[in-house]
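J.: Residue-level listing of the chains:
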Amino acid sequence: MTALPFAPDTPVDAAADTGAIAPPRWLRWSKIRPVLLPLLFAVAWLATWQWGVERFPQTRSVLSSPSEIGAILGRSMPLLLPQLASTAREALMGFALATVVGIALGAAITLSRRLEQALFPHLVLFQIVPKIALAPLFVIWFGVGGETRLVFALFLAFFPIAAATAGGLARTRPEALRLCTALTASRWRTFIAVRVPFAIPSLFAGLKIGMTMALIGTIVGEFVTGQQGLGYMIMFAAANADSALTFAALALLCVVGLAVYATVVLAEIVAQRWYGAPFVTEGFN
Amino acid sequence: MSERTLSFVLPLASAAVIALAWQLTVQFGDIREIILPAPSAIAEKLLRTMPSLLDQAVVTGREALAAFALAVAAGFVGAATISSSKILREIFYPAIVTLQLIPKVALAPLFVIFLGIDHEARVTFAALLSFFPVLISTAVGLNNTDLSALRLCRSFGASPWRTFWSVRVPFALPHFFSGVRISSTMAVTGIVIAEFISAKEGLGFAILAAGARSQTAAAFAAIAVLCILGLALYGAVAGLERLAIRWYRG
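The listed protein sequences derive, respectively, from chains A and B. Position 123, counted from 1, in the first sequence is what our numbering calls 123; the numbers after and before it change by one each time, with no gaps. Position 154, counted from 1, in the second sequence is what our numbering calls 154; the numbers after and before it change by one each time, with no gaps.
None of these hints come from the bench; they were simulated from the model.
Rough simulated footprint, nothing fancy, chain B against chain A, three-plus residues with beta-carbon under 8 angstroms:
hint, segment
1, 121-131
2, 134-145
3, 211-223
4, 257-268
Just so we're clear, the structure is a prediction, and the values are computed from it rather than from any experiment. Idealized CB from N, CA, C, for every residue including glycine.
With these hints in hand, go ahead and build the complete structure from the sequences.
T.: This is the structure:
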């Protein structure tokens with residue numbers, strides 16, 4: 001966040017500093033507030049939910065209370081964990097394959113200016129059209145097993161990754177490239193030492209979208225194949241009007257979603273450290 | 001040829017090459033139509049079933065438009081509310097970012113429980129999916145107003161309302177529209193997923209039904225219509241964006 005010259009926090013902090021019993025730095029209100037407020041909000045939200053369901057028990061068939069969901073979550077763990085493993089495995093494998101294929105093809109089309117002009121618009125176009133609609137065709141092609149879900153996840157995750165790789169590589173600063181030419185760097189050396197570092201922010205933006213898409217692809221794949229996975233559990237429980245189980249499976253799915261996203265963010269931090277963040281992030285926003 | 005013509009001709013040429021290769025592979029590779037119909041077979045199916053496909057497209061298009069309009073309106077109002085105060089921002093922003101990251105697609109069956117299998121369930125689900133991109137990018141845009149412009153407003157004694165509409169909103173427009181563009185694709189996607197789960201009509205249902213009967217050409221024809229629908233919505237948004245930005249620049 002941009003620091004304002006007239007930021008409201010500053011006088012408060014200054015006053016706290018001069019006080020006789022100044023609290024330690026990390027305990028100041030301006031420091032703990034951004035953490036405390038969202039937590040309080042979450043607690044208040046859950047409490048209202050719990051109270052609402054207990055106050056109006058007729059909603060129970062469509063909406064369980066948080067405590068019931070927690071209880072079901074604990075009790076159904078043996079049922080839910082294999083489904084969770086299945087979803088996570090298929091999404092991660094789809095994402096990993098999409099990363100390899102997407103980066104390879106995205107980099108390949110930037111090798112030639114003409115090739116890029118010919119194919120990049122298609123990558124962009126495929127980002128816009130609702131690819132989700134192809135899910136039933138994947139069932140025809142690959143059956144109702146895990147391959148369908150994995151390949152569908154790969155298919156959805158591929159386009160953002162390939163487009164981001166190609167876009168990032170193509171947007172290297174011309175000055176840097178001219179410098180490479182002047183220093184008679186080889187094409188390969190230029191690619192590794194200049195183009196790739198410049199493409200990293202764009203690449204990771206694509207990987208983040210790709211990871212979300214891989215998980216969405218797996219879930220939609222589970223909806224249409226209907227064999228296993230958390231998406232299948234959710235649909236099955238919802239069809240049985242078992243809202244507690246539905247929410248329990250949803251909660252686990254949220255954990256999976258946040259975990260895989262955090263992994264990509266971590267990888268981004270490592271990559272930026274490796275290549276030197278300030279240089280890389282410059283010029284992109 | 002000039003660079004400009006090339007950037008126009010090359011994509012079309014590559015598309016033609018891909019379609020031709022597809023056609024020839026299917027014709028001479030002895031691939032059954034159930035697995036992969038040739039482009040010519042899809043086109044023929046498309047033309048023959050056009051009236052019924054258009055009916056389905058109207059259903060899907062109407063729902064997608066309704067969801068999209070709801071999402072944009074709610075997203076804009078929500079972003080304006082959140083960015084109006086620092087406390088509100090601190091309370092809601094982490095929750096919104098978290099919700100953005102979790103796979104909301106999985107909520108689709110829940111909407112069937114809550115709202116039944118009618119239009120409302122599908123529109124609400126798609127609106128929920130397409131709401132977050134608008135909310136987040138508009139909030140980011142509203143917070144990124146040029147500080148010197150805000151200070152100028154303050155020294156002129158401009159009311160918060162006037163500052164919002166004349167300064168913050170124009171600064172936020174590019175962010176707002178980048179969110180709206182994503183949201184337009186999410187609205188169509190959301191409707192299709194909801195139709196997979198609950199519908200009795202619409203393009204998503206047509207695709208699912210054709211897939212279940214292994215009528216692959218019919219599925220492809222419906223997908224083609226759906227793609228045109230998605231592109232039309234996206235194109236309309238992109239056109240509006242140009243108009244709005246030109247209008248605000250005067």
